[in-house]
Amino acid sequence: MMKKKINGMRRSPKALGIVLFAGLLAVGTGYTAVNAAVSPKVQSVRTAEEIALGKKLFLSNCSSCHGKNAEGTANAPSLIGVGEASVDFQVSTGRMPGAASGPQLEVKPVQFTEEQTSAMAAYIGSLADGPSIPDAAYLQANGNPTVGGELFRINCAMCHNAGGAGGALTEGKYAPNLMKSSAKTIYEAMVTGPQNMPVFNEANITPEEKNDIITYLTYLQNNRSVGGEELGNLGPVVEGLLAWLGLLGLLVTITVWLGAKSN
Amino acid sequence: MSNTSTTPKKNGFLAGTANYVDERVGVGGILKEFGRKIFPDHWSFMLGEVALYSFLVLLLSGTFLTFFFDPSMAETIYEGSYAPLKGAHMSVAYSSSLDISFEVRGGLLMRQVHHWSALLFVAAAGLHMLRVFFTGAFRKPRELNWVVGFVLFVLGMAAGFTGYSLPDDLLSGNGLRIIDGMMKGVPFVGTSISAGLFGGEFPGTAIVGRLYSLHIMLVPALILVFLALHLFMLVIHKHTHYSGPGKKDTNVVGYPLMPVYVAKAGGFFFIVFGAIMLIATFFTINPIWNYGGYDPSPVSAGTQPDWYIGWLDGALRLAPTGIEFMIGDYTVSTNILLPLVVSLVFLAIVAVYPFIENWVTGDKREHHVLDRPRNAPTRTAIGAAGVTFYAVLWAGASTDLIATNFKMSLNQVLVSMQIALIVLPFVAFFVTKRICLALQRKDREIAIHGRESGRIVRLPHGEYIEVHEPLEPHDLYKLVDFKDYKPTLARPNAQGKITFSSRIRASLSKFYFEDRIAPATQTEIDEAAHHNHEIEAEVKKAIEASK
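Protein chains in written order, with the numbering used here: chain X, 1 to 263; chain S, 1001 to 1547.
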């Protein structure tokens, strides 16, 4: 009687495996379901081949600093979760792969084709969610330039200069000139916050407002100063230099000519 | 009918008018007096003229701008043609500045003409001041005119700054904010001064209108008054001239105003006007549309004042931080006070320099012959040190641009400039003084021994000599004609006491004139000439013998 009872209470050796399996199954599907519901947008569809090519490129070009699994090393940060936009920004402007360590990565000739860049972005995007490549709808520069200008002056001008000419940061770092940046680059910079730039997420500046800023900058890029040569948009210092060396220099030369004794 | 052709036409229209005016205001006498005014000819005497003409251009272009500018800070909505500001809320002042740039025919050109000529006005005045300083033209009887000129320079800065702040764009507002901060940094009264100027808390709604009154009325009126004084004294004193044969402290050698300088100066005005028009046509200045209307929250990178305020901005930037301290509840903002005091002391030294030098030399004579800078080594060295000090402060205003454009660290640029501000003026002083003394030695050498001819002659006994050719008297003149001061000793006064001030004076005199190269005397030149003749004779003899 006792024995039977004990026997009945005894778990079968297989029970542990079954329970574990059922539990994992429930948690796994539940997580996936919840995750899918919470995640704001689905990453652009990427094929397995693209990701595989991206991984190959990553291993041969990036892994020496960013680690074999993009987990980061002492020399470079982890890329897990930085998103496709970040890869596209850094690689398509030539900043990555970096030539040397310094205060800031420089823009230099681009080293990868668009397909290669896209594949690497796919690989990094496949590791974890992050800012994705911006929707082309926000890159049309068809927003409101007045709102964009105002947002630019409030959020960006303190580093990038009101005319987008760029400016100095501490210890050799700087905010670059924006007069040659593409709409896509500007958008990606805002959402990923490369190097010293802060991130302007959708709560700070909505995608429509980002489009307004792009509209404003595109206007500046396409409509150079109506007042003549704009001297790099660098403001009164360059103007003063030209007043001294150009204007006063010319007039002093003329005074020398006027004062010269005739032969 | 025939007598009209035989009798000379007495009263033609011009002669008639001239006679009419002369009989009433005696213009003939005035013209006679002024027309015969003599001015010496030298390029460096035209720098002040450049400033004067750019001031005329400023008046003309400024008058045009007042037709369209509205200094109101009332809020309006921009409806002009510059797309990226359409519908933006802004002040009427900014909106009317934009209209001048985009709607008024020729408005942008006039704005640029006005701004470029403002930069030129102060620059030319500054260069003119340097010429006057380095040639010693500020000596008796012109000390007061130096002070008047100095006031004009400061008024030029004031006119520039009040104008810079009028468009009420982001750049000008940022500039005003700095001025506001500097005023508030002054102990006890600062906050009240700021509140008084801005009509309450910064930025308020009054400042543009107030600056406009100053900019178009008070400051230009003062400039005109001081300009009149400056020119009046120029006529009274007569112009200085550089040393040369026949040029003395008692005369002026040059050409008369009529007709030479009236034509020359008239033409030169149009050259200056033309050069300003050219630069205003081809180069943008202060693109206010880029900056947007003023809003106290944003600040743009690369916010700088116009060049003539740059040195003050540099002083602020280079001031060491972390030296502020508290007295009770009150913060003493030394980071603002220190640059303020340093700039004011610098200006004060510039203003009173002629009196300092005059006191040291004790020279009561009138000086109408200018110094060559090398012949006043200590003054020239002091000037070089002052220019260096100013230049480092000036460069300090563009630390950020230097850092980004030359790929350097902003922090290191700043620290290097702080060091340079203290060290470089001393370096400039010593280097300049040594260069002056070396040039004086060279002059003396040439005056005594003549110019190296490059002819090497071998004498019969084997000696090689280079033949020096004596100078023409005309060239010799400027090498030997300069005033040579010697250091004076502290002397007891009537009571037999050596006062503290006479001690200071003696040590300053030593500082000024301790290192001196005396001009070559006639005896020395004659002796050398005699020696030269002997050599020449020997050379001739040798040549004769070889034939």
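Fair warning: there could be bad hints in the mix.
Stretch by stretch, here's where chain S covers chain X in the computed footprint (C-beta under 8 Å, at least three residues) [stated by the list, open to error]: (1) 154 to 162; (2) 171 to 179; (3) 228 to 236; (4) 240 to 248.
Everything labelled a hint here was simulated from the structure, so no lab data went into it. Source: prediction; values computed, not measured. Ideal Cβ placement from N, Cα and C applies to all residues, glycine included.
Each hint, compared with the structure:
no.	hint	verdict
1	154 to 162	holds (count 7)
2	171 to 179	holds (count 4)
3	228 to 236	holds (count 8)
4	240 to 248	holds (count 8)
This entry satisfies every hint, going by the numbered hints stated previously.
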